[in-house]
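**Q** Heads up: the protein sequence lines correspond to chains D and Z, in order.
Position one of the first sequence corresponds to residue 1 (my numbering), numbered consecutively onward.
Position one of the second sequence corresponds to residue 1 (my numbering), numbered consecutively onward.
Simulated from the structure, these hints should not be mistaken for lab results.
Small disclaimer: the values here were computed from a predicted structure and weren't measured.
The beta-carbon is built from N, C-alpha and C at its ideal position, and this holds for glycine as well.
Some hints could be false.
Unchecked claim - Under 10 Å between C-beta atoms, here's a sample of chain Z residues computed to sit facing chain D:
| id | residue |
| --- | --- |
| 1 | 32 |
| 2 | 169 |
| 3 | 173 |
| 4 | 231 |
Take a look at the letters that make up each chain.
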Amino acid sequence: MSHAVDPPYDDEITKHFVWATVAFALVGMTVGAWIALELAFWPANLGVPYLTFGRLRPLHTNAVVFAFGGNIVFAGMYYSMQRLLKVRMWSDQLSKFHFWGWQGIIVAAAITLPLGLTQTHEYAELIWPIDIAIAVVFLAFAFNCAMTIANRKVQHLYVAIWFYISFLITIPVLHVVNNLAIPATMTRSYPVYSGMTDALVQWWYGHNAVGFFLTTPFLGLMYYFLPRAAERPVYSYRLSIIHFWALVFLYIWAGPHHLLYSSLPDWAQTLGMVFSIMLIAPSWGGMLNGLLTLRGAWDRLRTDPVLKFLVVAVSFYGMSTFEGPMMSIRAVNALSHYTNWVIGHVHSGALGWNGMISFGILYWLVPRLYDRPLYSTNLATQHFWIATVGIVLYTVTMWGAGLTEGLMWRAVDDSGQLQNPIFMDIVNRLQPFYWLRLVGGLMYLSGVVLMTWNLIKTATSPHPSGDDQLVAAK
Amino acid sequence: MSDSDAHWHRRALEPNAGLFAILTTVAISIGGLVEIVPMFTIDAAKPGIAESVAPYTPLEVAGRDIYIREGCMVCHSQMVRPFRDETLRYGLWSRSEEYTWDRPFLLGSRRIGPDLHRVGGKYPDAWHYEHMRDPRSTTPGSVMPPYPWLLTWKIDPADVQASVVALNRVGTPYSADDLNNTAWMLQQQGDEIVGRMAQSGIEVTWDTEIVALTAYLQRLGTDREALSAEVAQQGEETR
C-alpha cells in the first residue's frame, strides 16, 4: 500500500504527525526519567524553581499523554480513516490547522507548566487561554473528521471508525465541562465547582481522559493496524459490537474510584467501584478480539517486530484493565491509594499498552509512507526486548515500592500505636526502588532512541529502485 | 468480518453515521449525569455550608496560589481517610464541609510526602520558614527540594485582589474590605506572622511569599473541631 493510490490520500499530514510523535516521545520520556531521578536523588532538582518535581511532573504527564499519545492517535487516524472511508480528508487546510495548532498547544504547555502556571487538575493543568485553544483545535479536527465521514465512499462504518467517533465526541464534552472557570488574570482562574464537587467532576474527567484519550482511539488504531499487520480479518464482528457499546457506556461511571474513602457520598463511591469492576468485561472483549485476530498467524511473531509490539501492547492492555478494577475495590484501594502502586499501574498501561502499540504502528507506517523497507529489523527487535524488560522492571519495582509504603503507613503494633511514626523512615525505605525504577525507565527510553535512529534511516535511505526522483514525482 | 450483512447493527447503525453519533453521545452522558447532577440538587449529596468553615483570607488565598504554583499537591495529599493509622498519624478524618471554599480542590493523588490536611497549628511559623529554606534542617531524610526563593519573592497585592474578586464572582463570599482594601487586609494578617517569626530571630516583611504560604498552611484543617461541635449541635451526621 503506497500513497500513490486512487483516490489520492493526504499522507503528508500523517508524516507530520509521525515525526511529532517521535520527537515528543523523546521529550516526554526524558522529562519522566529526570523527575524519576529527582525522587531518587533530590539535589537533581538543581535549586531552580522551574525544574522542581512539583512543576515538571505535570509537564511529563502532559507531554506523554497529549503530545506523544495525541500525535500517534492523530497520525494513525489520518492514515486509517481515509483508507477505511475511501476518501481524502475533507479539508487539507483544517488538517494543517489541526497539526500546527496542536503543536503550538504543546509548546505553550512546555513553557507555562515550568513557570508554575497551572490549574492543578490532573491532565487538565493547562491554564484557561490554552484550554480555549485546545477546544478550538480539537473541534476543528472533529469537524474535519465528521465531514470526511459524511463524504465517505463506503456505506458501512468499520469498527475502528466507531471508536474514533466516541473519541471525537467525548473529549470535547469532558474538556469543556471540567475546565469551566472564572478568570482572575490572563494566567489564573478558579473553577466554578468547589470542594468535593470539583473533585468529582475532575475525576470524571481524569478517568475518562484515560478512557477516551488513551483507550478508545487506541482501540480504533488496534482494529485497523493489527489486522493489517497480521493480514487476517478481525476475529469477531459480534464481539466488537458488544464490547464497543459496553465500553463507552460503562467507562463514564468509573471516575469516583479515584475518591474512595474520601468524603464523597458513599453511593457515588460505590457506583464508581461497581462500574470499574464491570469494565473488565468490555476491556477484555477488546483484548481477546485483538489477540484472536492473530489466529493462524502466531508463527509470524518470531520474525515480525511489528506484530511483537502489537501483541505485547494488547497483552498489557488486558493486564492493566484487570489491575485497575482490582484497585477500585475498596479494601484493595485502602492499601494502594496514594502509593507508588498507582504509578506502576498507570505505567503498565502507558508504557505497555499505549507506548508499545504506538511503536508497532510507527514501524509499520514509516516504511509504507516512504515506500521503502524498514532500515533495520534487527534494531526494531532489540528495541522490543529492551522496552519489554524496561516495563517489567518499572512495574515490578513500583509494586514493591507501593506495597512497602502502603503496609508501613498502616502498620500498628499490639498496643495500638503506629509502628512507623516517623514518615521519613518510610520515605527513605523507598530509595532503592526509585533507583531501580529509573533504570527501567531509562531502558524504555533508550529503546525509543533506537527507534528514532531506525525510522530516520528508513525515511532518508535511498529508494530500493535507485531512482528517488521518480518516487518524489509520484 | 465473518457475520452476515443481515445483522441489525450493520443494517441500521453503520450506514447512518449521524444516528451512530447520537447514540454514542447518549451512552457517554448517562453515567456522568447520574453521578454529578445530584451533587448540585440532592441535599444528602451536597456538603452543607458550615458556619465554622470561613472562606480563606486574602493572605491565605495568596498562600494557596503559591502552593498551587509550586505543585505541592503533586507530592502532598489533603485527605485524611477514616482509618485508625491515618487518624493516629495525621488527626481527625476529613469532612466534605472542610473543602467548601476549595477552588480548585487539592486532595492530591500521591503521598510522596505526608498528608497536609491537619498540618495547621502542628508546627510554629518559624518551622515553615526553616523547612522551605532547607527541608533537611527540620526533617532529616526528607527528599523535598529546598524553596529558597519563597523567602525573598514578594506577593503583589493587586494580583491577590484579582484572585479574591474572581473567587467572589464564582461564589465565595468576601467582605467589602477583602475586595477593596486587599493590600491592607494582607498586611494585617501578614504582620502577625512576621511578629511570630521575629521572636525566632527571622526577619521577613509581610509581603514575602513565605508569609502567605505559612498563613495558608497554618489554616489547613483547623476548622475541624469547631465543625464537629457544630454538626453535633445540629444532631446530624452527614458527610
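**Q** Okay, which hints does this one fail, numbers in order?
**A** Violated hints: 3, 4; rest satisfied.
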